[in-house]
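Could you put together the complete structure from these sequences and hints?
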Amino acid sequence: MKKTLLLGIAGILMAAVTFTACKKEDNNNGGNTPAGLDRKPMLTNYADNYILPAYAAMVEDLTALKTSSDAFVAAPDESKLVALKAAWQKAYITWQKVDLLEFGPAENVSLRMYINTYPVTVSKLNSNISSGSYDLEQFGNKDAQGFPAIDYLLNGLAANNADVVNYYTADAQAAARKQYLQAVVNKMLDKVTTVRNEWNSYRNTFVGATGTDVNSGISRMVNSYVLYYERYFRSGKIGLPVGAMTGTAKPDITEAYYTPQLANTLATTAMQSIIAFYEGRSFSGAQGSASMKSYLSTIGTKGDNGELMADLVTKELNEASTALAAINTPLKDAVQNNRTAVLNTYEQIQQVVPLLKVDMVSAFGISITYVDNDGD
Amino acid sequence: MPKLRIISKAYLGKPVYSASLSFFRMVFGLMLLGSTIRFWLRGWIEELYIRPQYFFHYYGFEWIKPLGNYTYLLFAVCGVSALFFALGWYYRIASVLLFLSFTYIELMDKTNYLNHYYFVTLVLFLMMRLPAHANLSVDAMRKPRIAARFIPQWTLGSIRLMMGIVYVYAGLAKLNSDWLVEAMPLRLWLPAKNDLPLFGPLFSQLWVAYFFSWFGALYDLTIPFFLLNRKTRPYAYVTVIVFHVLTSILFPIGMFPYIMIVSALIFFDSADVDRFLTRIKIFSAALPVVTNNNMFTFAPPWRRVVVGMFGLFFIIQLLFPWRYLLMPGELFWTEEAYRFSWRVMLMEKMGYAQFVVKDAVTGEKVGVNNNDFLTKNQEKMMATQSDFIVQYAALLHDHYKAAGMNDPEVYATIYVGLNGRRSRLYVDTTVNLAKERDCFKHKNWILPMGGNIYGL
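Residue numbers (the working numbering), protein chains in the order written: chain V, 16 to 391; chain Z, 1222 to 1677.
Think of the hints as simulated: they come from the structure by calculation, not from any bench. Small disclaimer: the values here were computed from a predicted structure and weren't measured. It cannot be assumed that every hint is accurate.
One-sided excerpt, in silico: chain Z residues whose CB lies under 10 Å from chain V [said to hold, decoys possible]:
1. ALA1231
2. GLY1234
3. LEU1411
4. ALA1413
5. PHE1420
6. SER1425
7. ALA1558
8. PHE1561
9. VAL1587
10. GLY1588
11. ASP1593
12. LYS1597
13. GLU1600
14. VAL1637
15. LEU1646
16. ASP1649
Every residue gets a Cβ at the ideal spot worked out from N, C-alpha and C, and that includes glycine.
Written out as structure tokens, the structure is:
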């Protein structure tokens, strides 16, 4: 009896070894080297080539915004307003490359909330200006500051530059408004600077957390990435304004509402950042090395027709990007007048959500849950 | 037939040393006490049973719900009775209270279903009727008439059989193409642990995933027999320890490995246990090993009832896991008849569910944020299991109805990925789920998995 069992075990083990040997050769054709499963180089690439440069660029752009706004406030005129608007636009576009990094230091200070909560609540903003007593640190003021507040202050007060400048010169609340503009800009610069500084020390924590538990680098990064894609990109920029689920358009909640043509640029920039980040490109767009894509491709999960999931994600993201770029009227109008195109774009964007949230996350062996409990 | 009866009677009634079962009672009780304390200290009572707004019930157990702040009291009852159980102090009452409180806790929210909770429940069900307090117990000290050095073999055997069923069925469940041919899901899970010291880099190797899969299946299928055999037992027990410690390092499975390591002690020869415990004298001061030559016996009519009940219990245990054969569709995909069958760590399954509620009259639609109703954990379970989906749809229906919507219709777009396959739609997006009911019939609105998993 015992002999039979032992022989049985030996037989099964032999079969297993032989089988795996064959299997391994198959996979070598795909160029799968286990080295690609090392998470440290991936985290290092993200931290050093994307995240740190991203916050540096954000600080730089917001410093330029501060310089412009200080100059405008000192002596408001149309040319300084134009310069200020340009600085604001540049910084807003850069923000689209930073927004997907809401984990670690950014998450700790709720950076996104201070920088880009939209739509701005104009009544709240105006009552802050007229009362003169406000604390922008308060959560309650999240929708009265950041890029959307500046959008209103520079583009929403009047239709032309001369009239806008009037609000900073002749208007009864000119002084208070100038002060508010500066307060908003300072708050943004302050928050982003804090995050950048914290990243200098957090960088090693992040790169060193090579596990796959909830506190690991990959788990934090991917969770923030997927959450961003689903909630802040898909829903925030497209889904909610077009009313993808409700069937009713809400043009007044598009991003950069007072600068309609900018909303499309913001969305396409965000889309490109999403693709670049997945592929592990550097912040300046140079070809990446170890990335979520290369890691997924090494794991080697495949689609229904045997194509790598890693490539499928790229393909679907690119299709969504193409559809998005094809919307050539301002989003705020398109959600009403060109609904078919926008809803189609939404559908394309939506297609990628399960690929990221289920297929990629599942293959990575991480989880979307934040509740730390046993499983079996 | 009469011959068989005599043999079975001789086998079942043969005296064995009670120290073995009583020692099992002690360590099992202490393990449950430890589990309860661990659960409490980690804040899980609050997190899992007090904070959530909604709880998923088992079919037929709608009436079992957390008790608000009294849930703490429930856990206290469970912990205290586990201690009394371990000490063999008012054993009969303690074992019943422990069984009831533990089972109640288990049934409060099926989100937290774990096979090892079910295992504990079943063992406690048996233990309530077993003379596990005949030795090494306060009861035996206080009432010498129940102290017995010997118990009938079947009492000890029933726990062994229960263990054996768990292992063998867990092994049978692994005999499928995903596990053996694809090395799924270990192929995904092991590389996630490749940063562990020493052995970490090995987990990136595909052959290791295959080795673990095959070894795991073989281990489960054979370990009870190696534990039963006197000659192989020491090696088998070392394997038990190594295997379960390894799984506890690799996977977030809490107390399960330790419960199994401790429970497997039941396979040791009862005479050896008696001799060992007598020799080490640790117990002699507090809970002495009984030295009389009494044999515990059930009163004749009662014995019939208990033996009959145990027989029925084991017939059900042997048959219940196979009920999935009555269901169409791929078991791993539908998960109909999946639970209570010792299917442990077989699937990497993840889902993504988005619900839309529609007013039947005005056509007005609302997108649902699942986290407004469910915890992350509940959402995760709901997104891959059809009976959760039905209950959640009913919850949404009632919520929006109360909020003034006309006959709310509930539609879901759910994507599920299973063992590395590309995620695909899980339920028919055109079906109003609010009209569906949970039952034991196949839910025909579950879309097919596409592809097959071969095997048991």
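To see whether the hints hold, each was checked on the structure:
At a threshold of 10 Å, the smallest CB-CB gap from ALA1231(Z) to chain V is about 22 Å, leaving the interface hint violated. The beta carbon of GLY1234(Z) is not positioned within 10 Å of any beta carbon in chain V (closest approach about 26 Å), and the interface hint is therefore violated. Interface restraint check: LEU1411(Z) against chain V, minimum CB-CB distance 9 Å, threshold 10 Å, status holds. Because the beta carbon of ALA1413(Z) sits about 3 Å from the nearest beta carbon in chain V, less than 10 Å, this interface hint is met.
Because the smallest distance between the Cβ of PHE1420(Z) and any Cβ of chain V comes to about 14 Å, over 10 Å, the interface hint for this residue is violated. With its C-beta approaching chain V no nearer than about 4 Å, SER1425(Z) sits inside the 10 Å limit, and its interface hint holds. For the restraint placing ALA1558(Z) at the interface with chain V, the shortest Cβ-Cβ distance is roughly 17 Å, beyond the 10 Å limit, so the hint is violated. Annotation: PHE1561(Z) was flagged as interfacial toward chain V, and the flag is violated, the nearest CB pair being 13 Å apart, outside 10 Å.
For VAL1587(Z), the shortest C-beta to C-beta distance to chain V is roughly 7 Å, which falls under 10 Å, so the interface hint holds. Proximity of GLY1588(Z) to chain V holds as hinted, the smallest CB-CB distance being about 3 Å (cut-off 10 Å). A least Cβ separation of about 13 Å between ASP1593(Z) and chain V goes past the 10 Å threshold, and the interface hint is therefore violated. The criterion of a C-beta within 10 Å of any C-beta in chain V is met by LYS1597(Z), whose closest approach is roughly 4 Å, and the hint holds.
A hinted interface residue such as GLU1600(Z) counts as satisfied when its beta carbon comes closer than 10 Å to some beta carbon of chain V; here the least separation is about 8 Å, so the hint holds. Because the smallest distance between the Cβ of VAL1637(Z) and any Cβ of chain V comes to about 7 Å, under 10 Å, the interface hint for this residue holds. Below 10 Å, beta-carbon pairs count as interface contacts, and LEU1646(Z) has one with chain V at about 9 Å; its hint therefore holds. Here the hint on ASP1649(Z) is broken, as its CB sits about 16 Å from the closest CB of chain V, past 10 Å.
Of the numbered hints given earlier, the model fails hints 1, 2, 5, 7, 8, 11, 16; all others are met.
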